[in-house]
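Residue strings, one per chain:
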Amino acid sequence: MIVRSAALGALLMSTVMSTQTQSPVFSTRVEVVRVDVLVTDSGRPLLGLKPADFEVLDNGVPQQVEFVSYDQIPLNVVLAFDMSDSVAGDRLDHLRSAGAALLAGLKRNDQAALVTFSHQIALGAALTADLEPLRDALDQLVGSGETSLVDGAYAGITVGESDVGRALLIVFSDGLDTMSWLSPTAVLDTAKRSDVVVYGVSLGKTKAEFLRDLTSFTGGRLFEMDKTSNLSATFVSILEEFRHRYLVSYTPRNVSRDGWHRLDVRIKGKRATIKARPGYLAGPS
Amino acid sequence: MEARLARVEQWTKAVMRHKPGTPDEAAFEVGGWSNTALRTLFVDVNVVVKLIRNPAAANFSIQSAGQRRPEEIRYSTSDFRRLRVVACAAGGQVGGGITLDERRCLDIGAINQLDGDLRELAQRARDSRLSGDDNYILRRGAVLEADIAMLAPMGSEPIAMSSAPGPDRFRMNLADGLGTEFRQVAVHWDLARMLLDFIKPRGTDRVAPGGDDMVRDWYRATAAWMQDRQDHDTDHLDHARAIFSTDAIILFLSGSQAEAYAAPEIQSAVRSAVVPSGARFSIGSDREELRRAEGFYRRALAAVPAFPELRLRLGHVLLLLEHHADAARHLRDAIEAEDLPLLRYYGELFLGAAEERLGHADAARQAYNEAAALYPSAQSPHLAMSALARRLGDRPTALREMQTVFDLQHADSLSDDPWWSYHRSQARNADDLLAALWRPFLAEAER
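Chain order of the listed sequences is E and B. Residue numbers for the first sequence follow the working numbering, beginning at 1 and rising by one. Residue numbers for the second sequence follow the working numbering, beginning at 1001 and rising by one.
Keep in mind that the hints were calculated from the coordinates and are not lab data. Virtual Cβ for every residue (Gly too), placed ideally from N, Cα, C. Mixed in with the good hints there might be a few duds.
[To be verified] Ranges between beta-carbon positions, derived for each pair:
#1 B:Gly1295 - E:Gly105: 50 to 60 angstroms
#2 B:Ala1337 - E:Asn254: 53 to 63 angstroms
#3 E:His244 - B:Gly1295: 50 to 60 angstroms
[Claimed, not checked] Far from chain E, some chain B residues (derived; all Cβ distances over 12 angstroms):
#4 Asp1217
#5 Thr1246
#6 Ala1263
#7 Leu1342
Isolated chain B, as found in the complex (with noise of 0.2 angstroms):
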């Protein structure tokens, strides 16, 4: 137990020390944890984040997924005695005494059993509190366990189901449509998750992430990451969504997530998938996830209907849920609303495969022709007509449009046909929202 409880000290002395946005020392520190490590620092961590909202608790639990009642956590009491000293500390309860909280921290003595780092971090959680924002530890330490699962290397281990209490999470590498791998990782997402849940909004003395615009701004920078890397997690937008129900980005996002898992890569690799006893996906059939793509993007349609690129999408997945004329409808909205040559792009492509299964094949062609003309180094609209033509009887256009595609083979980057990265494509801006996210601590530490 004293290398648990050691652990949460240093673990709360990494968070003071990072520096949001970097792969630092910190980071590498606490990611270099082994997953069992981490594991109880969820459980641990959890404690201390309760007993800074609420001084006075005493009795413990935690309800893993799959679990059906909650697990009751027990510490000795000189353990929990040290708890409360962290407690005291993180939530820069540790000095004035004027405040109830800050007055049974006093009874407790914290304030002299604080080293260095531990004074430092009360100092810094307790002027976050009187300028208006009570949530130091939580806030940088959400951030700390993002970058460390977005920046630092994050360390993998076999399949260990365990018993004891904390989140588990697992892995399926993924290449060319197959699982190639399936292993343990570090909960570096559930910690920072956790942590968010706790936030009391600036000026606020009530707990309510849902409003809290850096909870906000988190969830959309680290979802639209992920997606950007491909590096999937339904639970993160799943939390997300129950917090932030109709905010259009976090829908728009799920909505792309769900037609991500609609995708035959993602969809073989998941059936050729042997999946250890206990763990499964959260991932649907195709239909399924079609469906709720299809959901989510109206939802977020119904909170901002001026979204060109969420109409597009909408259109997109009603297209493979053979909803022609609907899809087309969207799609024509959408190519009239938007500028950026990479949606105009899609949309004439999603909208000529919707136009050639209406019966319209000079709307089609014509669809088709506009998405070349956008990107000439593309082969998907070639590839189209030359279908088209072969389907109509125009065998001299389909060989035609062939070779076409065969003369733009050397063209290989990504960018040259974006057909290719369409489903990380919502995500182009994920970098920039990272950058946004991590600005206010970067000034506040350059302060």
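Chain E extracted, bound-state conformation (with noise of 0.2 angstroms):
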């Protein structure tokens, strides 16, 4: 006998959030190919690199790097948090406190936006260098419903996406999708196909299979965590590391336009340890 408790039901019928929400302005972008590189050195951002320090390898087809950037192009900074009813109490202040933390550390071009999921997708601040539109946001999240994950990640890449700086995606979950409708296939299509970096924090005991492979497939990292009493300072490491991120681009040359490009980024002459997106997705599929 399985029993969802009551108080799934009444608080689906809850307020997500109550919110003044700007509409966020899209556009489109140059189709060259971006990479996210952390360079490493024994653990330690390696600084100095040039556009010929980089070998790149798009399904094993030497690339002609034309730009590197190191902390020169703003970050666009999408939060992308579980608003269901299992965050609340500490939890949610703490979640709250971590978003708090992070604002603080955005530069003063940089933008940020908070996407919110439970059963129901939320923009609860558009993407926006005036961050206290997002502080009232934050104060205003209310954990209620079930947990559409794979729908929150893939509103939040499309927010990434909706701007041309640099894009970092923080998704935060305490717990496994229960009611997205796309399927987690759909949106790590999606995440092979852009420049967004994900972040995954996942919180308790279940196994984050799909912000293992989104992270993955982004060339981010997943954060697999107990408890929420050090989210802060997690939450400020992540930006500080994707500060630390080279961005390599370049225009694809010599290799097939469509389909799954293999990426293989090396730093010429030096010991590095390269974390980077394992490839792209191009063309329709």
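Starting from the two chains in their separate frames, assemble the complex, guided by the hints.
Right under this line is the structure:
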């Protein structure tokens, strides 16, 4: 006999968030391949690298790196927070604080946005450099309902792609998906086509298989935690790590246009550990 | 033992007093008994019912789930005699002394051992028997037990495995895809099912619950109630199918239960649950449950081919099993035959997904658009259109559809996106089915 708690039905009918939201402004971008790359040596970021230091193989074919940026392009940080009914009390307080700590670490031209997901997908605040609406939205977060993690991650990626900056998506969830319409496969497909780098923060004992795949395919990282007391430090460390990444750009040459492109990024003549997305998907599938 | 026997008598009186469909004093009285008390009540009532059906019976046994062999039930001579007296009353066999059964009750002087309430019970049961329905205590007992399970607050207790005869029942509460609590609960549903197993259809003299309309309606209504409340009990529909193996509604509800079991919220909860020793979930993997659902739906369709909602659900299961062309065919048929916007919405949404998987982007978009038109406040069709556009490289449309999703965010009631209540929608008539089930009992009480 399985029974869903009575609270669930009631929570499904309550309001997820009430916030004044701005409409996001969407724009398209140039079709070059951008790869966010973290280069470390013995765990410490390797700084001062130039385009000539990078070797990029697209499906095994060497490419001409045209542009390397380090801490120059403003960030678009999208927070995608699980607001299902299990996120309440201390957990919610810690999440608000972590969001605020991350916002405090943003620079003047950086932008941020807030997406929430329960059974419903909501835009708490569109991408903006004015962080006040975001702080307000964080203050008004209320946990209720089911978990549409997959839909929420898709929404976060889409918001991240809505502007030309470097997009970092931080997905926080304390459970498994229970209500999404989109399939994990469909959203992973989208992620493979996107420049957005996803970091996941998964709380609890559940196996975060979808978040592991999502972070892996986008070159991000998954943090699995038992409690939220260190959530602020985790969020800040994600931002720091992302700032230490190089944005490497090239226009693909001598490779087929469509399909899966395996990427290998190396540093010439230096011992280094590289973290980047393993490839990208191009063309319609 | 005295308390046990007294409880059996109390129970028969509560059955008589209970007003179907109401959480009345009789329901709360029985509902307030401990799980241990109800477990032994199950055993003793089972003996009473067997005595009603065969007053000459002298040997009794019970076999609970998981037991290899039946376990013998023993009583002292005086206790057994008391149970026979209760059976005489509950079976309406006290009185005339015309039939063999009545003469047996006469032989033990049953009439002289009944208090006023039991005499009234005996009279009512006899009247019912003489009118052609020899099931007074069985039908009403099942209604009482179901009403307790549905309407009266159910107590739960910490897990305590017992070696005593009788069924055990455990409950895992779920929230947000996680099991939140594992408790032992009362065996009201088991008791109700056991009682109905002894039904003789009106005008017949043979135990055959499968030939009885009330038993069929009881299973349909209670199974629908369970699914509407997402209070799942695998045994319930297993038992229903053992009795009504070709009933399209029972098979339909069996399919929708398996479909719900395959959904992530139950799969994830079952996977993460720490199950007490000796207890087990009767739930397979998502693929196994989907294949079971497909089997039930196909059997139901064989019985009733013109059942669009059934075809719709079969289409959804086939979609999840990645039989996309077959899914699309069933979904198109269902949409064509269905008028209800809710079901058309599901049909179009699922058809869009099937067409998308088949590589028919235009047909998929059209189906998603139809779904969006049916429920303008639903997010799912726009999420689907956004992801479809993104996959096809049409980023502006993907962004525009996502904007529509965000614009709908303040629509928050479950009816705004029927996808959120898909696994309950098949049971949307549960309350009507229950009202129809209770109606004859209430009408009889008023006469």
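Status of each hint after checking the structure:
Look at Gly1295 (chain B) against Gly105 (chain E): about 55 angstroms separates their beta carbons, and that is inside 50 to 60 angstroms. Checked against the hint of 53 to 63 angstroms, the C-beta distance between Ala1337 (chain B) and Asn254 (chain E) comes to roughly 55 angstroms, which is consistent with it. Distance hint check for His244 (chain E) and Gly1295 (chain B): the Cβ-Cβ separation is about 55 angstroms, which falls inside the suggested range of 50 to 60 angstroms. In this structure Asp1217 (chain B) is separated from chain E by more than 12 angstroms, as the shortest Cβ-Cβ distance comes to about 22 angstroms.
With a least beta-carbon separation of about 26 angstroms from chain E, Thr1246 (chain B) lies farther than 12 angstroms from that chain, consistent with its non-interface assignment. Not every beta carbon of chain E lies more than 12 angstroms from that of Ala1263 (chain B), the smallest distance being close to 8 angstroms; the non-interface claim is violated. Separation of Leu1342 (chain B) from chain E is adequate, the least Cβ-Cβ distance of about 16 angstroms exceeding the 12 angstroms criterion.
In summary, the one numbered hint that this structure violates is 6.
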